[in-house]
Amino acid sequence: MQARQEISQKVHDGQEPHAELSGHLKTCGKCRGVWEIRQELVRQFDAMRQSAATHRPSVKRRDDLMRNFSAQYPLTAQRQRRPVQHWAWALAMAAAVLLMVAVGSRVTSLWNPAQPVTMEEVSSLAGSSDGQEGFIAVPYAPALASGELMRVVRTELYPAALVSLGLDVDPAWSGKMQAELLVGEDGYPRAVRVSTDSEGVF
Amino acid sequence: MSRTDEELFLLMRGGDQKAFADLYDRRERQLYRYALHNLGDAWAAEEIAHEVFVELMRTDSRYDPQRGPLEAWMYGVARNLVRMFRRRGPVQEPVDRAVHHDIVGGLIREENLVALRGALLELPDRYREAVVLCDLEERNYDEAARIMDCPVGTVRSRLHRARAMLSNRLRKRRAMEVAV
Numbered sequence: 001m002q003a004r005q006e007i008s009q010k011v012h013d014g015q016e017p018h019a020e021l022s023g024h025l026k027t028c029g030k031c032r033g034v035w036e037i038r039q040e041l042v043r044q045f046d047a048m049r050q051s052a053a054t055h056r057p058s059v060k061r062r063d064d065l066m067r068n069f070s071a072q073y074p075l076t077a078q079r080q081r082r083p084v085q086h087w088a089w090a091l092a093m094a095a096a097v098l099l100m101v102a103v104g105s106r107v108t109s110l111w112n113p114a115q116p117v118t119m120e121e122v123s124s125l126a127g128s129s130d131g132q133e134g135f136i137a138v139p140y141a142p143a144l145a146s147g148e149l150m151r152v153v154r155t156e157l158y159p160a161a162l163v164s165l166g167l168d169v170d171p172a173w174s175g176k177m178q179a180e181l182l183v184g185e186d187g188y189p190r191a192v193r194v195s196t197d198s199e200g201v202f
Numbered sequence: 203m204s205r206t207d208e209e210l211f212l213l214m215r216g217g218d219q220k221a222f223a224d225l226y227d228r229r230e231r232q233l234y235r236y237a238l239h240n241l242g243d244a245w246a247a248e249e250i251a252h253e254v255f256v257e258l259m260r261t262d263s264r265y266d267p268q269r270g271p272l273e274a275w276m277y278g279v280a281r282n283l284v285r286m287f288r289r290r291g292p293v294q295e296p297v298d299r300a301v302h303h304d305i306v307g308g309l310i311r312e313e314n315l316v317a318l319r320g321a322l323l324e325l326p327d328r329y330r331e332a333v334v335l336c337d338l339e340e341r342n343y344d345e346a347a348r349i350m351d352c353p354v355g356t357v358r359s360r361l362h363r364a365r366a367m368l369s370n371r372l373r374k375r376r377a378m379e380v381a382v
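For the record, the sequence lines run as chains A and R. Quick note: the first sequence uses the numbering used here, first residue 1, plus one each step. Quick note: the second sequence uses the numbering used here, first residue 203, plus one each step.
It should be emphasised that the hints constitute simulated quantities derived from the structure, not laboratory data. Be a bit skeptical, because a hint or two may be false.
Sample of chain R residues at the chain A side, in silico, Cβ under 7 Å [said to hold, decoys possible]: (1) R235; (2) L238; (3) H252; (4) L338.
The C-beta atom is built at its ideal place from N, Cα and C for all residues, glycine as well.
Kindly generate the complete structure, drawing on both the sequences and the hints.
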């Protein structure tokens, strides 16, 4: 009985039988049978181990799980993505600057921080259709908040653009014209001034 | 230095997806193999390994780092799922998985090995688990005891008994082959 326990342990530990046990195995058929069976068992365990080791986790399952995780912990996931967003934001800003430079030939002045215009000034500028400054109020434009600043955008416009703002345009006029727009902080134009060298309008 | 399972779990709880991914990459295969050897079915094993992580991800997950190692908890969940699958009987696999349905049976193709797998599946749970962890997953007695939540001596005795039972099966099979 003790010999069989020793056999079992040695086989499963991957050890060879020592001289005394080897001698016993040669003379005892029962113990030799146990030794052989246990060796066979160990070989088959090895084979099972190797076959199971071929497993690779399913990429789809892993992805599904990670998506579920992001859905479950959305705030933190956003925080983790922040460095990437910084880069994306910086790239977007750079692209916007390049775009502005490219469009610069058409829009010569986008923002004049030294001369901000308030709602009151717009009202005075665009108080009448033939105002001293030449600004014409855009009809039905959203009201400005008190103290809201405006920016002056100088650009070229087709007559259709003015029509879309609700202004009257002489049908005979068909070319582009230089114009200045007073634009609110929401990006919506409140008044238009057409350049004096543009003709055929109003 | 790599983080422990418990450290990764705490990071994961804070919403760190990389920690969760690291945990998955570290433990998924082990859990899969554990389920595979206990059930003999690759599809069910995949389901179980996946489900352990779904359970871990739940905000009301019952794992408490103060009460023990995460690994033992994960194997505990897998063990319960294995039992549930075994109670249900033979697994009904999706038709589209038929080609890959049985890695062990499909790849080995050795009659003896199939017989051993059958014998393993017929062992009582506690004996089979000892064989799976110590002989197939090559865990030492301490690790197996931690996972099985029992003393080391119990692991040794269960393993000894399980090996003897499997050896008897092999011996009987061999005797039948000789008789034929």
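Right, here's what the structure says about each hint:
no.: 1; hint: R235; result: 5 Å, holds
no.: 2; hint: L238; result: 6 Å, holds
no.: 3; hint: H252; result: 5 Å, holds
no.: 4; hint: L338; result: 6 Å, holds
When the structure is compared with the earlier hints, no violation turns up for any of them.
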